[in-house]
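2 protein chains.
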Amino acid sequence: MPDSEPPIALDAMGGDHAPHEIVAGAVHAVRERGLPIVLVGSPRVLYESLADHDATSEIPIIRAEEALAMDEGALASLRRPRSSIAVACHLLRRGDASAVVSAGSTGGVVATGKLRLKTQQSVIRPALAVALPTRPTPTILLDAGANAEVKPEMLVQFAHLGSAYAETAYGLETPRVGLLTIGSEPEKGNKLVKRAHELLRATPGIHFVGNVEGHDLLSGTADVIVTDGFTGNIALKTMEGAVRYAFTELSETITASPMARMGALMQRGRLKDLSRRLDSEAYGGAALLGLNGTVVVAHGASKAASVSAACELAATLSRKGIVARIGERLSTAPRPHRLW
Amino acid sequence: MPDSEPPIALDAMGGDHAPHEIVAGAVHAVRERGLPIVLVGSPRVLYESLADHDATSEIPIIRAEEALAMDEGALASLRRPRSSIAVACHLLRRGDASAVVSAGSTGGVVATGKLRLKTQQSVIRPALAVALPTRPTPTILLDAGANAEVKPEMLVQFAHLGSAYAETAYGLETPRVGLLTIGSEPEKGNKLVKRAHELLRATPGIHFVGNVEGHDLLSGTADVIVTDGFTGNIALKTMEGAVRYAFTELSETITASPMARMGALMQRGRLKDLSRRLDSEAYGGAALLGLNGTVVVAHGASKAASVSAACELAATLSRKGIVARIGERLSTAPRPHRLW
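Protein sequence lines, in the order shown, are assigned to chains A and B. Under this note's numbering, think of the first position of the first sequence as 299, with each following residue one higher. Under this note's numbering, think of the first position of the second sequence as 299, with each following residue one higher.
What the hints contain is simulated information worked out from the structure, not anything from laboratory work. Beta carbons are placed, not taken as given, at the ideal position from N, Cα and C, and that holds for glycine. Possibly wrong hints are sitting among the right ones.
As the list claims (entries may be wrong) - Some chain A residues judged to face chain B by a derived CB distance under 8 Å, without partners named: (1) GLU447; (2) LEU478; (3) LEU516; (4) ALA533.
One chain only, chain A, in its complex shape (with noise of 0.2 Å):
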């Protein structure tokens, strides 16, 4: 890691269990996974926190002295210049930091990234980027809940977007993009999907594979997957609940007699191994994706695991160039009011 490489700004104050949970996965990131952060926040907590772990000499805190409720949306962001998010994104738009990762409000974060960074040329909106746990590779879902509405040529930027996400995160050639619809042929669907099929289909530079279904999402039938943010957010929550339901029933079955919870005894290592697995994948951060500068997005509830994951996908997607990625792929597209 060189050492001219700006740190990546951690807003410090955002999430569930800010900042104490924060700090501990900022620590993380920096001992395991020997990455170079700054903490955004309140000098005066965040050095008790980093006291805790025996840290205050290894990770620079950058003041706010304020911080967006985690019940603040768009609007209230920008009244908030000082918010720890806000100060967080000014230190990206500066250079003095290569990521801002946040497990703040997601519509607060998305609105000051908006406002502070601005979105890259060519981008009408940028779009929250979530990494589903397929194999070999994550499957890209976006939008997964900036965009309520949106116009059908947004999908296909999404589709570059997700695009620049899988070939600079997991060095893919020709991502297979997917639009996520209820039936594998072009006429099934709402106007919006139906317009956007063939916006796809006709998109140079976009690997468009066609319709996938929501049973498609875990399948690694397609590497990026593009819909609304209103049926992404929908479709996320869905899995998270469904996944958590089917160990909840499951771990009851195991144990549910004597001679099953003895052979539940037998299995407890690797019954941990994957809840521990599934749970980061899970809470591993969503990548806004359209912004001059990478912002990774935590879950609200993450802890220490989940924000250190956070911290690294952030490095990751940074050092490989995701904004000139995008860049690239939008500026060789044509524009979008030449589509039809």
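Based on these hints, arrange chain B on the given structure of chain A.
Same frame as chain A, but now just chain B:
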């Protein structure tokens, strides 16, 4: 079971595993559940299939020489007045059947049902309702795919349809109705759900508990969850895929080492039970609500157990008077155009 109760008209030719699994399901429903059933389809094929079960004298056959193909949608079904699903609906309309069950193409069943049974008075559009396996009583999700585009007033009607289902099938006095969206605050979501939220709050006879998110589908927070058919279908398929994914991951985990496998042997009885339960619940069948007659659409991939479960659902809804209950709810409800 009174002798005068008309039988369930089971479309024997619709579905991936028709007719043999449909026939096997019918035999199970007659012998194990005591339900009255007639099979609709090709007499020659069905007689042979019934003979395999020694059941030729137990289940009548009604002739229909044609059948909709699985990929035939709504338009094609209008041109097929003698398809097995059309004949089944005709029996129901005449009062010679108490309900229709089909595992055929959803689009075909919905179109045929609307054409031959007509929507009930005041119903704008019928909706597909699925029972999710929550406890102590299932949660009704609708619309699960009949209407890709909806208006806000249709969501209010879905709330009535779903509440009628929960009242008749589970005896719930005041089913709690939730609106599926991307956040708990009323201002979260797209234009459709924001408007629907206002209407639901203002509708007497609907016990509206507010917005619910994707992870609430299996949490038991609401008895009825309303959404448009596009979102509902994607949420449902996402849920199915995620549960399957979790089970696969867990299965691999609990058999990943000799010790773990030994443990799995000790649990196999219970694992088998759980697998069977979730399977038949996932594929239990969707009720098409709002037509002048009870129609249940079984999952296209249904095998005997799912077909039998779908017949059970049809019998319950028919015997408990779902159509009448829907009529009561909508006749006392303000007519949709007066809601604004």
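Going down the list of hints, with the structure as the test:
1. GLU447: Status holds, d = 5 Å.
2. LEU478: 6 Å, holds
3. LEU516: 4 Å, holds
4. ALA533: 5 Å, holds
No hint from the list above goes unmet by this structure.
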